[in-house]
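*Asks:* Letter by letter, the sequence shown follows residues 1 to 210 in UniProt numbering.
Keep in mind that the hints are not guaranteed to be accurate.
[Unchecked claim] Pair by pair, the computed Cβ-Cβ distance ranges are:
1. Leu11 <-> Leu35: 31 to 37 angstroms
2. Ser13 <-> Leu140: 29 to 35 angstroms
3. Gln66 <-> Leu140: 40 to 46 angstroms
4. Thr71 <-> Leu97: 25 to 31 angstroms
5. Ala121 <-> Glu175: 27 to 33 angstroms
6. Leu115 <-> Leu41: 18 to 24 angstroms
7. Leu151 <-> Ala112: 56 to 62 angstroms
8. Ile33 <-> Ala192: 26 to 32 angstroms
9. Leu49 <-> Leu188: 33 to 39 angstroms
10. Ala192 <-> Gly70: 23 to 29 angstroms
11. Gly70 <-> Leu140: 45 to 51 angstroms
12. Arg31 <-> Gly173: 34 to 40 angstroms
13. Pro150 <-> Pro172: 15 to 21 angstroms
14. Leu140 <-> Leu12: 18 to 24 angstroms
The hints are simulated quantities; they were obtained by calculation from the structure and are not laboratory data. Glycine included, every Cβ here is placed at the ideal spot set by N, Cα and C.
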Amino acid sequence: MRFWPRLRGLLLSPRATWHAIAAEPAPSLARAIPLLLLPWLLLVLATTLMGEPVLPHRQAHALMMQRPDGTLVQIGTQTVTRTGSLAVGLGGMAFTLAWLFLLQRMILDSAARYLAVPDRAAARKLLLYAPCSLWLALYLLPVGLAILLPLALVHTIVLARLGAPILLPPHPGQEAGFGRSVAFRAALLALAVAGATIAAVVWVVNISLG
1 MRFWPRLRGL
11 LLSPRATWHA
21 IAAEPAPSLA
31 RAIPLLLLPW
41 LLLVLATTLM
51 GEPVLPHRQA
61 HALMMQRPDG
71 TLVQIGTQTV
81 TRTGSLAVGL
91 GGMAFTLAWL
101 FLLQRMILDS
111 AARYLAVPDR
121 AAARKLLLYA
131 PCSLWLALYL
141 LPVGLAILLP
151 LALVHTIVLA
161 RLGAPILLPP
171 HPGQEAGFGR
181 SVAFRAALLA
191 LAVAGATIAA
201 VVWVVNISLG
C-alpha cells in the first residue's frame with residue numbers, strides 16, 4: 001500500500017487521487033491487514049506502560065467520611081473495574097476485521113443495486129483507502145490523540161462518497177445516489193460494529209471478573 005502518498009493526495013486532492021487509485025492494482029489484504037491491526041498492539045503496549053492492567057482488574061477502595069471534629073471514618077467500600085488493555089486491544093482488532101469484511105460486502109451490494117460492476121478489486125481499494133485518515137488516527141491513539149477519531153470517521157465517509165462512483169462506475173446518472181448509499185451505509189455499519197465490539201468487551205470483562 002502506498003499509504004503516505006495516498007493519504008496526502010486524499011487529503012488535498014481526493015478526486016484526482018481516486019482516479020489514480022482506480023488505474024493501479026488493488027493492494028493485497030495479506031499485507032494490509034497486519035498494518036491495520038498494529039495500532040491496537042501499540043495501544044496495548046502504551047497503556048500497559050502507563051500503568052493500565054493488561055487483564056481485567058477489580059479493585060476495592062475505602063469510602064471515607066469526615067466527622068465534625070475533622071477525623072475520617074470508613075463508611076464502606078467502592079469497587080472499581082478496570083477493563084484491561086488486552087481486552088481493549090483484542091476488541092479493536094475484532095472491530096477492524098469485522099468492519100473490513102462487512103464493508104466489502106456492503107460496497108458490492110450497493111454496486112449491484114446501482115448497476116455497477118461488482119468488482120472485488122475495486123471494492124478492496126475503496127475499503128482500504130477511504131479510511132486512510134482513520135488508520136492514521138488509530139496509529140496516533142497511543143500518544144493520546146483519540147480526539148482525531150470522530151474527525152477521521154467523517155473524512156472516511158466523505159471519501160467513500162467521492163470514491164465509490166469513481167472506482168465502481170454505476171449506471172449513468174446514478175453516481176450521486178451510489179456515493180450517498182455507500183457513505184450512509186458505511187457510517188451505520190461503523191456505528192453498529194463499534195457498538196457490538198464495546199458490548200463484547202464489556203461481556204468478556206464481566207465474565208473474566210466473575
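*Asks:* Name the hints, by number, that the structure is in violation of.
*Replies:* Violated hints (numbers, rising): 1, 2, 4, 5, 6, 7, 8, 10 and 13; every other hint is consistent with the structure.
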